[in-house]
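Colleague: Spelled out, the chains give:
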Amino acid sequence: MLAQLSSTTWEAPPVDYHALAPGIVLVGVIVVMILVDLFAPRGAKGALSSLAGIGLLGAAIPVITLAIDGTPRVLFGGAYVVDQFTLVLTGLFLLTGYIVVLMSTNVIAEGDYWEGEYYILVLSSVLGMMVMASTRDLIGIFVALELLSIPAYMLATWRKRDLKGNEAGLKYYLMGVFASAIMLYGMSLIYGFTGTTVLTEIGAKVGGDLGDSKAMVTLAIVFVLVGFGFKVSAVPFHTWAPDTYEGAPTPITAFLSTASKAAGFVALLELIFVGFYGRHDVFEPLMWALAAATMTVGNLIALRQTNVVRMLAYSGIAQAGYILAPFAVAGSSASVGVGALKAIVTYLVIYVIMNLGAFAVVIAVARKTRSAEITSFGGLFQYAPGLAVCMGIFLASLAGIPPMGGWFAKFVIFGSLVAPGTIQGYALAVLVGVNSVIAAFYYLRVVREMFMEDAPDGDLAPIRVPASISIALVLTVTITLIYGVLPGVVAHFTDSVNLVTLGR
Amino acid sequence: MKSFLDSWGLTLATFLPVVGVAIMLVIPKAEEQLHKVVALVTSLAVGVMGVLLFTNFAYTASPRYPQGSGDFQFVIDKAWITFINSHYHLALDGISLPLLALTMLVVPLCIIYSWNHFPEPHNPKAFLILVLILETGMIGTFLAEDLILFFVFFELVLFPMYFLIGIWGGEQRQYASIKFFLYTLFGSALMIVSFLALYFLAPVSIDGQVVHTFDMQLLSVGARTLSTTAGILIFGGMFMGFGIKVPIFPFHTWLPDAHTQAPTVGSVILAAVLLKLGTYGFVRIAVPILPVAARTWAPYIGALAVIGIIYGALCCLAQTDMKRLIAFSSVAHMGYVMLGIASLTTFGINAAVFGMVAHGLITGMLFFLAGSVKERYHTLEIKRLGGMLTSMPHLGWILGITTMASLGLPGLAGFWGEFPAILSAWQANVANVGLFRGYMVVAAIGTVLAAGYLLWLYQRAAFGTPPEEFANDSHLHDVTVLEWVAWLPMLVGIVVLGFFPNLIFKVTDPAVITHVISHVVPVGD
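Protein sequence lines correspond, in order, to chains A and B.
Once you know that position 272 of the first sequence is 271 in numbering that gives the first Met the number 0, the rest is easy, because the numbers rise by one and skip nothing.
Once you know that position 370 of the second sequence is 369 in numbering that gives the first Met the number 0, the rest is easy, because the numbers rise by one and skip nothing.
Because the hints were derived from the structure by calculation, they are not lab data.
A couple of the hints might just be wrong.
[Claimed, not checked] Label pairs and their in silico Cβ distance ranges:
hint	chain 1	residue 1	chain 2	residue 2	range
1	A	G69	B	T224	31 to 41 Å
2	A	I462	B	E31	21 to 31 Å
3	B	G451	A	D453	35 to 45 Å
4	A	S469	B	V40	38 to 48 Å
5	B	V220	A	A426	54 to 64 Å
6	B	V209	A	D453	55 to 65 Å
7	B	V209	A	S49	37 to 47 Å
8	A	L485	B	T224	24 to 34 Å
9	A	I462	B	V40	44 to 54 Å
10	A	G457	B	L502	50 to 60 Å
11	A	G457	B	F3	46 to 56 Å
[Said to hold, decoys possible] Covered, in the sense of this in silico footprint (three residues per stretch, anywhere, with C-beta under 8 Å from a C-beta of chain B), are these stretches of chain A:
hint	stretch
12	68-77
13	392-404
14	429-437
15	447-458
[As the list claims (entries may be wrong)] To list a few chain B residues with every Cβ distance to chain A over 12 Å, as calculated:
hint	residue
16	D76
17	T81
18	I111
19	G136
20	E154
21	L157
22	L189
23	I205
24	P392
25	A450
26	L475
27	D477
Owing to the predicted nature of the structure, the values given are computational and were not obtained by experimental measurement.
Each residue gets a CB set at the ideal place from its N, CA and C atoms; glycine is no exception.
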């Protein structure tokens, strides 16, 4: 066998360096950062945060040139694709990474954490997400998942002398590995049946006549999807999320609940729309149940939270439920499928931005109050009206109230659910509606605390917001509002998103 | 001028308040006087814009507008969210005009009224910013001709009102504000699902091309293809959305709390305009787009309307708090409006629109009065009031006129909202005419009850001798100049509309015929 392998001459596939440029730039930045970290004196590591930020923006330049170019690029026999979908999400991940770096700067520097490693790990994780947005291959998806997760496990436990920090990292790690194992098992079954790891080819085979293997393929699909159910913290695989979020440094919590979750959804999108689309009899009911359970349970538990970060964690779980919902009807027809895809991508973009913004406020407020209890937000409007208004905007957006961006996100979800005109779709749409009301209650509790209560201890000293967090806030508020008032402008980007092979 | 108004009039009218908000945002909080001036000037500028629009509006048939006020005028129609084919589509016609005028009148009066007495915790900047955002939301709702645009404006009013109640309200303000918010949000979630269902299920063909649209005018023609069941369900979703806002019994429970706890200005805007967003939704959207379903729903809506009339009246009789009494009287009065709409007749819907304006003026005025009474007596307990006519004759007389108007005395505006609505039920455009005649009788009994609770209120508050505890109270001063300025326009409106109801009926009638009734097939066809 060895002889056989060595006898075939290996030819390097043609490589489109333009298409790979964002990743290459980011790898270069990471290498430079490692070197700088190695040689920089201990006091000068603050520069790494700027370097990380500049690196992320630099990686965005090829994304823009690729977008201007506009032609979809297919590499490595269809295993790696750079199209509109890739670009939108790559851009989103880079932006998220940038905002997370902005949010981290002061927290990490003041907390006397390991700055060099921190930013390198964040960038590595972002790199994994970018790969995830491009890959159309089971192995690629797995590698991307590990590349984005392993740094995240470490980041989650960054406060290593803190008991909760340890709990956060360990829980996240064990659950993540467990999920990976299940997913890999499913992938191996699929590979065993189809003989390929490229999603388009899998799509053709899985969507065709399965013969005796139906049960096996069904099981495989369920395993793979469940594996990502952990990643996006869908109920009942969500149990790690609140503890991890609470224990991790808040910027990392923001990162996990936005970018990391979005990456999980990107994988789900690729798997379902390219790989398993023909088997909508399998993924639709599964996703219906997951979506319904996720949004309802997430919201109901969020009602009882007294800690803002935990509340945002559960609200994130509920939001994941909304994002899962369009999957439940995506198989009705090709046009419904495309609609569902666009709805999910749109929601992801808005969700990531508004949630990041909310975390930025939490970080800024915690600088003064040293607490994340909801009561610690009391009277915020009196001593930090700007922060209070920003938080109000993000919470209103999360609740889906116009003219904040969240309304449009929720609207496209409703749209994709109503589009097929099926009972399942309508039922889920009504469920989303009911859940929005439940969710509004706990979002408004924070609003009430900020605007209608007095500050605890009557402490009205203003909050000094660091410049980096101000930038993060300006960015997120602006995008949130623009999305709400002129959804058309932003929808322009997500509108052309397509995962070509919606065939069955 | 005309061409300027045609292209910019409605946009300016809608978004001028936002400009004011932007200016106020950059002015420091301490410059209270400046904030008040900017807010007042902004709202007056909106009013001027309104006057320009109303004077250039073609009320009677002209070559350009053959239907007169029944035609959409000053139309702006630009693509907004292209991929769902939603348009920035604003237009003014005879149905929206009176309501627009009401909004533009009430907001500046509210700002004037609150000039020197902002409720605790003061902060005029935030308060006035919220009022101006509210104005944009309300005006936009009355002008929107696209369901999504309508939805956005409809929801835009939620947050300002939530804050007005929750920050500046009474003791139970937090409970009341969240109740108001969640109730409305629940309704609008179902409403948006209905709008989307319409979008997908009722494609419209334009020039041979079948397109999905949110345009109200196109949908009111296109939705004919909808199956009956789908229509009834979609109407149900809208019913929840609009009905909660009206509010229709049994979804009214947020209203007494919200009204009682809201600051005076909040109550006035809530009563005068916000409730009308619901009834306007029925007239503008639900009935024209889904006339067949409306016919099916009409008996139930009618039933809930008359239950609301009687229930609201009985609740009024049981109230000991003046503000809460007025709040429940709103439930009853909006019942008449809903009865007029449910009759599905030209007469009834005209009466409904008139009723909206009349109720806006009268109940808005009553809440102003309640606010002033509270400020003077520091209580609204009816049994602790009394002798207002001797201690503060002007205030007493104004209260008298307003309660008379509210109970539907001919010659004042309230009469023309109630009486034709009741009358329209006689020959309702529904399958079961007898049922509506039954409603008519019940509604008529409701007017008697209304006279009962209003006169009783007036008698307890204004007649007799002033109670001893307030005998030497220096707070009991008569109507102030600011109050006169804020109230006179509304009082004049109440009287003038009472004598010349045609001022409104003439405007609404062509619009009601072309935009509502023409879609409703007469019974028997």
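Colleague: Confirm or reject each hint.
Modeller: Results for each hint:
1. G69(A) / T224(B): 31 to 41 Å: 39 Å, holds
2. I462(A) / E31(B): 21 to 31 Å: 24 Å, holds
3. G451(B) / D453(A): 35 to 45 Å: 44 Å, holds
4. S469(A) / V40(B): 38 to 48 Å: Given a distance of about 32 Å, which is not inside 38 to 48 Å, the answer is violated.
5. V220(B) / A426(A): 54 to 64 Å: With a Cβ separation near 30 Å, V220(B) and A426(A) fall outside 54 to 64 Å, so the hint is violated.
6. V209(B) / D453(A): 55 to 65 Å: 58 Å, holds
7. V209(B) / S49(A): 37 to 47 Å: With Cβ atoms ~55 Å apart, the hint is violated.
8. L485(A) / T224(B): 24 to 34 Å: Holds, since L485(A) and T224(B) (Cβ atoms, about 32 Å apart) stay within the stated range.
9. I462(A) / V40(B): 44 to 54 Å: 33 Å, violated
10. G457(A) / L502(B): 50 to 60 Å: At roughly 55 Å between Cβ atoms, L502(B) and G457(A) fall inside 50 to 60 Å, so the hint holds.
11. G457(A) / F3(B): 46 to 56 Å: 54 Å, holds
12. 68-77: violated (count 0)
13. 392-404: holds (count 5)
14. 429-437: holds (count 6)
15. 447-458: Since 3 is at least three, the answer is holds.
16. D76: Nearest chain A Cβ is 15 Å from D76(B), so the label holds.
17. T81: Check fails; 5 Å does not lie beyond 12 Å.
18. I111: 25 Å, holds
19. G136: Per Cβ check, G136(B) is inside 12 Å of chain A; nearest 9 Å; violated.
20. E154: About 4 Å separates E154(B) from the closest Cβ of chain A, which leaves it inside 12 Å; violated.
21. L157: L157(B) not clear of chain A: closest Cβ-Cβ about 6 Å, inside 12 Å.
22. L189: 6 Å, violated
23. I205: 20 Å, holds
24. P392: Nearest chain A Cβ is 39 Å from P392(B), so the label holds.
25. A450: Consistent with the label, A450(B) stays out of reach of chain A, its closest Cβ about 39 Å off (over 12 Å).
26. L475: 32 Å, holds
27. D477: 34 Å, holds
When held up to the earlier numbered hints, the structure conflicts with 4, 5, 7, 9, 12, 17, 19, 20, 21, 22 and fits the remainder.
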